[in-house]
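2 protein chains.
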Amino acid sequence: MNQLLLQYIDTLNIPERLKRSTKYSINAGGKRLRPILMRLTCEGLQGDCEKIYPAAVALEMIHTYSLIHDDLPAMDDDMYRRGKLTNHRQFDEATAILAGDGLLTNSFQVIASANVYNAEEKVYLINRLTEASGMEGMVGGQLLDMEAEQQEITIEQLEQIHRLKTGCLLSFAIDAGSYLAGANDKTRFILRQFAEYIGLIFQIQDDILDVVGDQHLMGKASGSDQGNSKSTYPSVLGLDGAISHKKSYVNKAKQCLEQAGLKGSRLEGLTDYLSERDL
Amino acid sequence: MNQLLLQYIDTLNIPERLKRSTKYSINAGGKRLRPILMRLTCEGLQGDCEKIYPAAVALEMIHTYSLIHDDLPAMDDDMYRRGKLTNHRQFDEATAILAGDGLLTNSFQVIASANVYNAEEKVYLINRLTEASGMEGMVGGQLLDMEAEQQEITIEQLEQIHRLKTGCLLSFAIDAGSYLAGANDKTRFILRQFAEYIGLIFQIQDDILDVVGDQHLMGKASGSDQGNSKSTYPSVLGLDGAISHKKSYVNKAKQCLEQAGLKGSRLEGLTDYLSERDL
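The listed protein sequences derive, respectively, from chains A and B. All residue numbers for the first sequence refer to the numbering used here, where the first residue is 1 and numbers rise by one. All residue numbers for the second sequence refer to the numbering used here, where the first residue is 1 and numbers rise by one.
A few of these clues could be false.
As the list claims (entries may be wrong) - Some but not every residue of chain A turned toward chain B, in silico, with C-beta under 10 Å:
1) 12
2) 26
3) 62
4) 100
5) 111
6) 115
7) 116
8) 118
9) 120
10) 124
11) 140
12) 147
Stated by the list, open to error - Computed cross-link-like contacts, SDA-like style, restricted to lysine to any residue with a CA-CA straight-line distance of at most 20 Å:
13) B:23 <-> B:47
14) A:19 <-> B:23
15) B:19 <-> A:75
16) A:252 <-> A:269
17) A:23 <-> B:131
18) B:19 <-> A:157
19) A:19 <-> B:75
20) B:19 <-> A:23
21) B:19 <-> A:252
22) A:23 <-> B:144
23) B:19 <-> A:269
Stated by the list, open to error - Away from chain B, derived, C-beta distances all over 10 Å, residues of chain A:
24) 27
25) 74
26) 84
27) 152
28) 206
29) 211
It should be emphasised that the hints constitute simulated quantities derived from the structure, not laboratory data. C-beta: ideal position from N, C-alpha, C; glycine also.
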């Protein structure tokens, strides 16, 4: 994935500073969770895994843009991300805004120009990806998240924010994986439910790590959510409540996998990893 | 166009503040130059003008997003646009960033979900639009523009910036119009040249108006480019030089129209309008 992402940027005829800035944030790494989810889904359903790459590259570009914009002073105002300076701290705000805009725009080009898809597949993927990342998805979630700061919100509102802000892209990863594997409608429906649980598990663990996590491992200050009075699962449910909430979602996610015939697949292992991860 | 744009936003299930913010910038108006160019091109070539609308809506959404982001404090730091407060002044910076991100993302959905296009047409339009608005197009141009501030640049560098920053989207408008009208390759090639000239005429007149324009008509402070030491055509060529430079492009643009069999078409009138407009 890293190579594919950097190769794509390198093929572009763009200003040097834009190239450095986008590659900087791509190189900042991350777990590549979304591409992994797409691949494991496709693999579990006996699909041709070569087909996932353009969609996975596009998805990771969108994820990267969203981190760059979320870190901006007007948003979360973060100085570090994964142990490195955030994009706007390493470069400047204007460059960070434009690097984000560029990654977002070009992500759709990666799909639209991919050789491995026919036109119908491209249109399907772009429709789903704009839905997941646009105003009815991630962008809307980020806005609700900003509005929720300094406010007391219910667990339902918190889940709605995370469903949009994080869940939609994770969901796209799994849906694209099952679509490209040619899965039937029933399996795809069940896996969309699985994706919902995965998103919530991911987010609850994120919030838990913010309370108990190892700052050195995570490369950012733990307790930073508390600092800016964000609502989190531990703040709404307490730490123990958050942990048991997460466990119930892990059970539900595994039930979905069983129904989709994916019990014992690598997706099951990934579910445990996401629930227990320490960074 | 205004109605179609607002209708699209209204169909979306999105946070209230995101709806108000995107509609605010859409309502701020603008000349709708890009949709008009697309329509006049399609009409001049005897195409079915109904086909342009989703592409024109998408294009205008991208144009609107680019204005919102360009006005941000980290970019041009503008307080007014078309006589109204800029988006981030009316709302706040976070909302403006997200409104821009949202308009950009959903613009591709407008094309990908349009009933009037088949899958191949959607893919063609999305490929061309991402090229025009992405890192190799408008976003790259905006970055070069930021870098050029406070610097002496040559007329060639200035034209390269405008070609990317403004020209690419105008060019998309004309290319999409001729593509959707089913024009032949030769005509489309000539009209792409026409589009280049139109972009430069548009920009030179913009720069001229910044020196001699009526602040009340334009709804922004004239002389604002001078204030932040931006390179402009008048600053590089002098006012008379800029005017004669513009006239030579008007002649070349009209030659293209003649070659494309569009002499006397409404595109010719638009060329004069763009060259002589006072806002």
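Here is how each hint holds up against the structure:
no., hint, verdict
1, 12, "6 Å, holds"
2, 26, "13 Å, violated"
3, 62, "8 Å, holds"
4, 100, "8 Å, holds"
5, 111, "8 Å, holds"
6, 115, "12 Å, violated"
7, 116, "13 Å, violated"
8, 118, "8 Å, holds"
9, 120, "5 Å, holds"
10, 124, "9 Å, holds"
11, 140, "5 Å, holds"
12, 147, "7 Å, holds"
13, B:23 <-> B:47, "30 Å, violated"
14, A:19 <-> B:23, "33 Å, violated"
15, B:19 <-> A:75, "19 Å, holds"
16, A:252 <-> A:269, "14 Å, holds"
17, A:23 <-> B:131, "19 Å, holds"
18, B:19 <-> A:157, "19 Å, holds"
19, A:19 <-> B:75, "19 Å, holds"
20, B:19 <-> A:23, "33 Å, violated"
21, B:19 <-> A:252, "35 Å, violated"
22, A:23 <-> B:144, "18 Å, holds"
23, B:19 <-> A:269, "40 Å, violated"
24, 27, "17 Å, holds"
25, 74, "3 Å, violated"
26, 84, "20 Å, holds"
27, 152, "18 Å, holds"
28, 206, "20 Å, holds"
29, 211, "25 Å, holds"
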